[in-house]
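Peer 1: These protein sequence lines are chains A and B, in that order.
Each step along the first sequence adds one to the number in my numbering, with nothing skipped, and position 149 is 163.
Each step along the second sequence adds one to the number in my numbering, with nothing skipped, and position 83 is 64.
It should be emphasised that the hints constitute simulated quantities derived from the structure, not laboratory data.
If you're wondering where the values come from, they're calculated on a predicted model, not measured in any experiment.
A few of these clues could be false.
[Said to hold, decoys possible] Straight-line C-alpha distance at most 25 Å; calculated BS3-like pairs for lysine-lysine:
#	chain 1	residue 1	chain 2	residue 2
1	B	K231	B	K210
2	A	K217	A	K188
3	A	K218	A	K271
4	A	K230	B	K28
5	B	K28	A	K231
6	A	K247	A	K188
7	A	K230	B	K261
8	B	K231	B	K162
9	A	K188	A	K115
10	B	K110	B	K312
11	B	K338	B	K261
12	B	K253	B	K283
13	B	K214	B	K143
14	A	K115	B	K179
15	A	K35	A	K271
16	B	K28	A	K115
17	A	K209	A	K222
18	B	K218	B	K259
19	B	K190	A	K228
20	B	K190	A	K36
21	A	K271	A	K231
22	B	K162	B	K253
23	B	K190	A	K35
24	B	K253	B	K143
25	B	K289	B	K253
26	B	K259	B	K283
27	B	K28	A	K228
28	B	K231	A	K115
29	A	K222	A	K188
[Unchecked claim] Reference excerpt, derived from the structure (chain A facing chain B, CB under 7 Å, subset only):
#	residue
30	I74
31	R110
32	M169
From the three backbone atoms N, C-alpha and C, an ideal C-beta is built for every residue, glycine too.
As a plain string of letters, each chain reads:
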Amino acid sequence: MSDSTILTPQDIIERGELVFKKTALLTDNIMSYCPGCGHGVAHRITMEVLEEMGIGDQTIGVAPVGCSVLAYEFMNIDMQQAAHGRAPAVATGIKRVYPDKYVFTYQGDGDLAAIGTAETIHACNRGENIVIIFINNGIYGMTGGQMAPTTLPGMKSSTSPFGRDVQMMGHPLKITEMIAQLPGVVYVTRQAVHKPALVNRAKKAIRKGFEIQKEKKGLAFIEIVSNCNSGWKMTPVNSNIWLEENMLPFFPLGDIKG
Amino acid sequence: MEEIKLMKGNEAIAEALIRAGADAYFGYPITPQSEILEYLMTEEPYKRTGMVVLQAESEIAAINMVYGAGACGKKVMTSSSSPGISLKQEGISYIAGSEIPCLIVNVVRGGPGLGTIQPSQSDYFQSVKGGGHGDYRLIVLAPASVQEMADFVQLSFDMAFKYRNPVLILSDGLIGQMMEKVILPPQQERLTDEEVEKRYGSWATVGKKAGRERNIITSLELKSERQEKHNHKLQAKYREIEKNEVRFEKINCENADYLLVAFGSSARICQKTIQLGKAKGINIGLIRPITLWPFPSEEINKAADKVKGILTVEMNAGQMVEDVRLAVNGKRKVEHFGRYGGMIPSPDEVLTALEQKLIGG
Ligand SMILES: Cc1ncc(C[n+]2csc(CCOP(=O)(O)OP(=O)(O)O)c2C)c(N)n1
Ligand code: SF4
Ligand SMILES: [Mg+2]
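With the hints as constraints, model all of the structure from the sequences given.
Peer 2: So this is what it looks like as structure tokens:
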């Protein structure tokens, strides 16, 4: 290929061939996520939804403790960083003083379903008018791959090196199904982002969540089953295959409520 | 027109909170401070001023709700008693690290553990030395009357916003539960976001307006160099607070031969001891620290030059005495007298202790 055929982004825009543009609600900071990780896609579609709804300037996001602790470096909106597990309480505080603004939390499985179980259940039970985005990768990614509340039976992690023994360590917690039982929660769904069609569907679910918040109907809970190729000790491609074959049978995709 | 009422300390602080134009209160019941949440729920300030009141699922949730609302630049308070304040420590550390203004009230009961529901001052160390993890300071006010319970609310918010720092009111079961005459402050309007921004700057998460950088509330800094810089900034702020905000009361210190140092409920008891001493020809003065941090070290140091000995009186096993000794720096004998586990020292006991530890000894 000769030099003259290499197109700059500007050339592409001028030729009208632009097929994708990063939303202005994502910063230009280089994401700290491992290549192949689902967090980045989940960030992108969340911010695209805010942009499409035109509510980026009225939204306050809450980042958890976990790999997405630095979400505020990538999401170009006002954000707060919450203590491990406490994001739903922090979001409650924000939403109660700003009932007309948009508030969401973005939390991992350790954050939401272990240390923050009480805050999660009670924010849901109060029907806080917020969106909770729950990234379930079945492991503690940030701290190096320890067992999570959602680690599958028999699945290896650094603290279940011989596989999760449910007799000793308990069963994986289907917190999403539990939350669907609570009257304050109006929409509960489980999505994934490892295939383009699924990404589109997950984005629609997030949009629906924020529309519910706009209409002040209650809490929308969106689980995204995601990979953690580093924590699972797999290549990105293999981690997606493993997710399909192992995570999805246990955590089936689709709407659970609403 | 002055509005005078007979109220419990806990009720006075709750009413003063509404009148300070507060935006929200988040709490969880625990004796001896449940009246605060009960009073607010009964008064329904959401109808009076639009103030939010919410019973949280735990003290941990309550302090994190304070974090969220406080980080929006709102005037927010939570209250609890000792075991609940222990649970809040993680959140308080995050609040101090992220520099969120807010008010925390501890109506102290005796410990350790579940302890007793009776009054105590055994959370002094926890309040003034940090309590949670990391190098941080709370501004700590110690009310000695129902009036001060009410008065310190607005004072706390003024300091909290001026320095972007959490303020703690360290009360106890005695002040919280007793009824006294109180002059209530007038009702203030709640501030709009624009007013908050004009007075205190644009740091709060209110929704990112076009043309400004996003506002981020966080205590995380992964680069050590930058975390140290952040710590330097916090320490500089603490030195500024030490310079500006020391508060204390001096009673009968002119010509006193012996000095009592006591805060809150204990200071009230010591006032009676001063009278008992007079009757016996013992001239006793009292310094009552009103801010426990910043501590009136300089004033105590100066006062030490003029007396023969110093006794701290505390409803604990000897906590503030360490700060008094540091202030006096070996110049004078500093002793401690305390009752604890919910026991309250009597003025006679204090006088006897003074005679034994400072005069007879
Ligand atoms: C109080 C507290 N306990 C433990 C930790 C350590 N820690 C940081 S992230 C994390 C787990 C995060 O896992 P998850 O929520 O699943 O997020 P992921 O990294 O997988 O996205 C833990 C245990 C902490 N920061 N704070
Ligand atoms: S450790 Fe796992 S969850 Fe974290 S960024 Fe890497 S792949 Fe993603
Ligand atoms: Mg995880």
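Peer 1: Take the hints in turn and mark each one as holding or not.
Peer 2: Hints, one by one, checked against the model:
1. B:K231 / B:K210: 38 Å, violated
2. A:K217 / A:K188: 22 Å, holds
3. A:K218 / A:K271: Since the Cα atoms of K218 (chain A) and K271 (chain A) sit roughly 15 Å apart, the hinted pair holds (cutoff 25 Å).
4. A:K230 / B:K28: 20 Å, holds
5. B:K28 / A:K231: Roughly 22 Å between the alpha carbons, so the hint for K28 (chain B) and K231 (chain A) holds.
6. A:K247 / A:K188: 24 Å, holds
7. A:K230 / B:K261: Status violated; Cα separation ~71 Å.
8. B:K231 / B:K162: At roughly 23 Å apart (the allowed maximum being 25 Å), K162 (chain B) and K231 (chain B) satisfy the hint.
9. A:K188 / A:K115: 30 Å, violated
10. B:K110 / B:K312: This hinted pair holds, its Cα atoms lying about 24 Å apart.
11. B:K338 / B:K261: Within the cut-off at roughly 17 Å; holds.
12. B:K253 / B:K283: It holds: about 24 Å lies between the C-alpha atoms, which stays within 25 Å.
13. B:K214 / B:K143: Measuring from Cα to Cα gives roughly 15 Å; hence the hint holds.
14. A:K115 / B:K179: 21 Å, holds
15. A:K35 / A:K271: Violated, at about 33 Å.
16. B:K28 / A:K115: Satisfied, since the Cα-Cα distance of roughly 21 Å is no more than 25 Å.
17. A:K209 / A:K222: 20 Å, holds
18. B:K218 / B:K259: 43 Å, violated
19. B:K190 / A:K228: 19 Å, holds
20. B:K190 / A:K36: The hint holds at about 20 Å.
21. A:K271 / A:K231: 14 Å, holds
22. B:K162 / B:K253: The hint holds at about 19 Å.
23. B:K190 / A:K35: Distance ~22 Å between K190 (chain B) and K35 (chain A) Cα, so the pair holds.
24. B:K253 / B:K143: The given pair, whose Cα atoms are some 37 Å apart, is violated under the 25 Å limit.
25. B:K289 / B:K253: With a Cα-Cα distance of about 20 Å, the restraint between K289 (chain B) and K253 (chain B) holds, given a limit of 25 Å.
26. B:K259 / B:K283: 23 Å, holds
27. B:K28 / A:K228: Distance ~24 Å between K28 (chain B) and K228 (chain A) Cα, so the pair holds.
28. B:K231 / A:K115: 49 Å, violated
29. A:K222 / A:K188: 22 Å, holds
30. I74: Result: holds, 5 Å to nearest chain B Cβ.
31. R110: It holds, given that the least Cβ distance between R110 (chain A) and chain B is near 5 Å, below 7 Å.
32. M169: M169 (chain A) check fails; min Cβ-Cβ to chain B is 29 Å, beyond 7 Å.
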